[in-house]
Amino acid sequence: MLLLKITTDASAEGTKIKLEGRLVGPWVKELESVWKSVTKTRGWLEVDLRSVSTVDSDGKELLGRMHDGGAAFIVEAPMTKYIVAEAIRGFENFKKRGE
Amino acid sequence: MTGTRMMERFNFEQLFESLPDAILLTDGEGKILGLNTQAERLFGYCRDELLGQPIELLVPERSRTAHARHRKSYESSPRPRPLGTGLELRARRKDGSELPVDILLSPLADGTGHATISVIRDVTDRKKYEEELRLREEQLRLLVESIQDYAIFMMDAEGRIINWGPGAEKTNGFRAEEVLGKHCSILFTPEDVQRGLPESEMRRAAALGRTEDEGWRLRRDGTRFWANVVTAVIRDSSGAVRYYSKVARDFTARKQALEALLLEFSNVLISKVDIHQLLEAISSSLRRIFPCDYASLALLDASTGLIYVQPLDNPTESEAPRNPLVIERSGSPEGWALTSQKVLTLDRLADSGFHSGLISHLIARGMQSACWLPLVSRERVLGTLNLARRQPNAFDQETCHLLSQLANQIALAIDNALAFQHIARLRDRLADEKMYLEDELRTEYNFEEIVGESPSLRRVLKQAETVAKTEATVLVLGETGTGKELIARAIHRLSPRKDRTFVKVSCAAIPAGLLESELFGHERGAFTGAITQKIGRMELADQGTLFLDEVGDLPLELQPKLLRALQEKEIERLGSTRSIQVDVRLIAATNRNLEQMVKTGEFRSDLYYRLRVFPILVPPLKERQEDIPILVRYFTQKHSQRMNRKITDIPPETMAALTRWHWPGNIRELENFIERAVILSTGSTLRAPLAELQSHAPSAPEATSLEVAEREHILRILRETRGVISGPNGAAARLGLKRTTLNSKMRKLGIRREDI
Chain V
1 MLLLKITTDA SAEGTKIKLE GRLVGPWVKE LESVWKSVTK TRGWLEVDLR
51 SVSTVDSDGK ELLGRMHDGG AAFIVEAPMT KYIVAEAIRG FENFKKRGE
Chain C
1 MTGTRMMERF NFEQLFESLP DAILLTDGEG KILGLNTQAE RLFGYCRDEL
51 LGQPIELLVP ERSRTAHARH RKSYESSPRP RPLGTGLELR ARRKDGSELP
101 VDILLSPLAD GTGHATISVI RDVTDRKKYE EELRLREEQL RLLVESIQDY
151 AIFMMDAEGR IINWGPGAEK TNGFRAEEVL GKHCSILFTP EDVQRGLPES
201 EMRRAAALGR TEDEGWRLRR DGTRFWANVV TAVIRDSSGA VRYYSKVARD
251 FTARKQALEA LLLEFSNVLI SKVDIHQLLE AISSSLRRIF PCDYASLALL
301 DASTGLIYVQ PLDNPTESEA PRNPLVIERS GSPEGWALTS QKVLTLDRLA
351 DSGFHSGLIS HLIARGMQSA CWLPLVSRER VLGTLNLARR QPNAFDQETC
401 HLLSQLANQI ALAIDNALAF QHIARLRDRL ADEKMYLEDE LRTEYNFEEI
451 VGESPSLRRV LKQAETVAKT EATVLVLGET GTGKELIARA IHRLSPRKDR
501 TFVKVSCAAI PAGLLESELF GHERGAFTGA ITQKIGRMEL ADQGTLFLDE
551 VGDLPLELQP KLLRALQEKE IERLGSTRSI QVDVRLIAAT NRNLEQMVKT
601 GEFRSDLYYR LRVFPILVPP LKERQEDIPI LVRYFTQKHS QRMNRKITDI
651 PPETMAALTR WHWPGNIREL ENFIERAVIL STGSTLRAPL AELQSHAPSA
701 PEATSLEVAE REHILRILRE TRGVISGPNG AAARLGLKRT TLNSKMRKLG
751 IRREDI
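Taken in order, these protein sequences are the chains called V and C.
For reference, each letter of the first sequence is one residue, going 1 to 99 in the numbering used here.
For reference, each letter of the second sequence is one residue, going 1 to 756 in the numbering used here.
Keep in mind that the hints were calculated from the coordinates and are not lab data.
All C-beta atoms, glycine included, are put in the ideal place defined by N, C-alpha and C.
Treat each hint with caution, since some may be false.
[Stated by the list, open to error] Examples of chain C residues toward chain V, derived with CB under 8 Å:
#1 Gly513
#2 Leu514
#3 Ala530
Generate the whole structure from the sequences, applying the supplied hints.
Written out as structure tokens, the structure reads:
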């Protein structure tokens, strides 16, 4: 499977982004542009990662930034939980180094 | 001899009166002896006034001396002949007026003397016509000679030049004396002469009456010029060709300008291989060369016979439709131009007689005339270029000629773009197929993976072999780990499709939201994340086999789409309206009870019946225990080779324990267990962790309903009795049931003969 399907469900209170497939390569930029467009709207942001099968290093970095930007993740599989935790920790370390 | 006597003697009076010409009878001295009524009327004298008078009375005074001389000359040697051949003869009336005449003299002799008959014809009208004709010829000559930019000349029926105007001299450089009487081939290039072009041009003109051609012609100095030549035929009253008239113009400058334009046009178009970019380039370039109020391209879909009309940017239309208009071939001007491969011009659209959607569209937008130019490339008609103007009669012959050349360039560019698109599609498909096959290679499946000799396995293999040769859809059923995929692959390899791709889709492994795209493909931009076009697995499996594993996990909302694709043998990629024909042989597999799922509404019955055309039940390992030792040895060898081990011994007690075990995970569980055993073995003897088996109490049957368990049990017994129900060894006896009771239970549990 080579692609990532991104489904956005926006309401007055917030936005839910559902990801299905692989968060790798060019799809990371695709998600980033979707994320940037929804952050212009007000409200909460929830990212459903339950149907994500793979995340590469760029994807992890983006997830870290999204988390830092206030996004909440819905995860189920232990591996995905682990990747998300790594992504958050990695971005926090990056920020600390920057400071 | 008197005149009366002569007339009586020859009895000519009545004959003379009946003739339309004036007739005079004179003697050797030129005295008038007789005349007819027409002579009285012509000269204005009465008979008596002329009888006995010299004939010179009827000749103008200035010509009387010459006339007398001519008469004497005639009398010296009388014979029938015209008087004054080559002279403009004139006669004189009584009132002194003159008239032009032709005179024919004939002698009459009887041995005693002779007389002369003069037949005099008034040629006033003829002379008048001749004069008019002369004047006209003079006008025409002056007109022709005043035209300096046209080479106008004539040839006889054999092609010899008989007339050469100053325009011809100026255009071709030959003086009249250099070409008159010579064959017209001196004006052609040697190559054209060798090809017989001068003769073929005359033949064509003779057949059609008039032809117009363009080609290279020679000047006197040997240089060439591009000539536009109109040849017309002049025939005599019998219809035979007498002359050819030629009007030739030097179009060299025009040709060079047109070629420069076409080259620029061609360069712009040929660099565009993307069909959308090409349409934009055609639109902008075309409008610079030919201003029109409407332009569109009609492309023929050869598979459906439908024509898709794609409007090019039309500046005068504020709401130009971007989506193609779909029209039928028959009855439409596009269809006419496609079929005939000829240019179609309609000078007044409203009276055209065509009633296609495009005509109505054009009329509604104020277009009055239009032109359809066939786009032909490599002898293949691709579509038409459609142009329209707001004024009537906007497309004359010359305009159509120019547009035809543009259409040729457009056709070539479209053909290239379509070929590129086709190649790109094949390349993408090959890339996808390559990637898929690389994945497939990693799975290392082959026939040898099917291991065992048990009757139940042999039955399955026999069924697979039987159904493989057909195109029937196969539903492979069986518990998890029983090798359903191996059976599916075996069917493909035994089928006529064995040389094409076997494409697997695991419905359970792909997120539900992606499965549709995975199966049917998508166009770029079909949804967020669809950053490129993707070919679906069904399209990838075209001409091959599609294996839908875990079909029981196919989302309910996707099932009708799959059913439709299977029945209609065509799909549409997500985000596309174009149908793609696919020829796919389907094999589905599941470990779930689809029949039960149909009852509970989790699986559509129509799809279920479409799938279970030929069900194959792969038995669980516990029903083929005799195969377990073979499988143990096979997996031991496979994994020890892979790990560079040499394991030759499998202890009998190990084999016995493995054979006894009920293997709920079937062959997959057995293989994993053996792989673990090979890892744990350090010597040549397989050290299987049998404690693992003992530590797990024989697991209870999988959670299932009583009804399902009863169904499975009855089915197993039926299989063992090979479907025999009654009799001492029949299934009813073995189950301790009456035959009628078993039949009733089978009906209730939905067990059919083909399930056995």
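* Of all the hints given earlier, name the ones this structure violates by number, lowest first. => none
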